[in-house]
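**Q** Here's the letter readout for the chains.
There are 2 protein chains.
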Amino acid sequence: MDTHMLTTPNAVHIRKAKVADHPAVIDIVRATGFFRPTEIEIAFEVFDEAAMNKRGSNYRSYVAEVADQVVGWICFGATPGTLGTFDVYWIVVDPARQRHRVGSQLLEFAETDIRKQKGRLIVIETSGSERYLPTRNFYEQNAYHLAADVKDFYAPGDDKWIFAKKLS
Amino acid sequence: MDTHMLTTPNAVHIRKAKVADHPAVIDIVRATGFFRPTEIEIAFEVFDEAAMNKRGSNYRSYVAEVADQVVGWICFGATPGTLGTFDVYWIVVDPARQRHRVGSQLLEFAETDIRKQKGRLIVIETSGSERYLPTRNFYEQNAYHLAADVKDFYAPGDDKWIFAKKLS
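Protein chains in written order, with my numbering: chain A, 8 to 175; chain B, 8 to 175.
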């Protein structure tokens with residue numbers, strides 16, 4: 008049996024993000040309908056800084072592809088001023104591809120990479136608002152726990168929830 | 008009575024930080040004995056970015072002077088991705104001048120500035136470790152409350168405490 012027979016049409020391939028992925032990733036960020044214009048602008052900046060490998064950048068940035076099409080993005084990195092803590096800054100999946108474990112595979116990829124870098128703790132900040140419930144469920148399904156809640160952080164009535172996972 | 012007679016030798020004067028203040032501020036950061044080399048490096052970067060007024064920088068950076076000598080520094084700014092939340096990123100006071108309300112005056116100055124910018128919430132992240140107890144007492148004395156605690160964030164056994172103050 009040839010190994011390529013093991014590759015299904017829906018197989019997810021994860022590789023380093025390139026500058027050329029910018030339009031596809033931004034389309035996905037927009038398509039989720041989750042982010043405010045100011046947040047999308049921050050995503051732009053983070054994506055470009057990571058893709059251009061700016062000196063001193065802590066960001067590690069990867070895309071997920073299915074059938075050569077970019078369907079997701081993750082950006083993570085060592086948290087400045089900490090020993091062994093890493094932040095997952097962005098994780099987005101094309102809404103048309105959600106529920107296909109693309110997000111979980113991106114997250115598992117990041118965890119493996121962070122372990123290699125001797126990371127011991129991963130933190131993910133997200134909104135506590137109603138419409139982020141699926142996002143929070145996603146983190147909990149991936150064994151992240153709610154570590155802290157900062158009331159009204161993003162906006163009045165919109166808390167910051169900090170999820171964390173200890174790596175063993 | 009001349010107004011200058013109201014100026015005591017210990018009067019604190021707060022003004023915008025300049026590039027030329029870099030050595031004095033870094034000396035103070037070092038003199039506190041509080042920061043690890045990586046943290047001091049971050050302080051350098053933040054100070055320079057703020058002092059050079061880099062395009063897109065959110066930082067607002069001020070020094071406190073007593074008798075024309077820089078004795079403290081505060082750096083704060085609007086927290087990206089939030090509506091009306093501000094972070095106090097750095098506040099340091101010359102150890103020789105502590106207990107003279109320099110820190111409180113810098114903090115009150117920042118609060119006044121943040122109110123003018125329609126800020127509604129101020130957050131300050133600090134360490135939960137033993138040696139930061141005076142720092143945490145300082146925030147509590149200035150009416151900040153502990154909003155959240157992220158276990159082992161900075162290092163094993165070194166939590167991140169997030170203090171917050173709602174502006175009315």
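One should not assume that every hint holds.
With a cut-off of at most 30 Å between alpha-carbon atoms, the simulated DSS-like pairs for lysine-lysine come out as follows [what the hints assert, rightly or not]:
1) A/61 x B/61
2) A/123 x B/61
3) B/172 x A/158
4) A/158 x A/123
5) B/61 x A/125
6) B/61 x A/25
7) A/158 x B/25
8) A/172 x B/61
Keep in mind that the hints were calculated from the coordinates and are not lab data.
**Q** It remains to establish, for every hint, whether it holds in the given structure.
**A** Results for each hint:
no. : hint          : result
1   : A/61 x B/61   : holds (17 Å)
2   : A/123 x B/61  : violated (35 Å)
3   : B/172 x A/158 : holds (11 Å)
4   : A/158 x A/123 : violated (34 Å)
5   : B/61 x A/125  : violated (34 Å)
6   : B/61 x A/25   : holds (26 Å)
7   : A/158 x B/25  : violated (35 Å)
8   : A/172 x B/61  : violated (35 Å)
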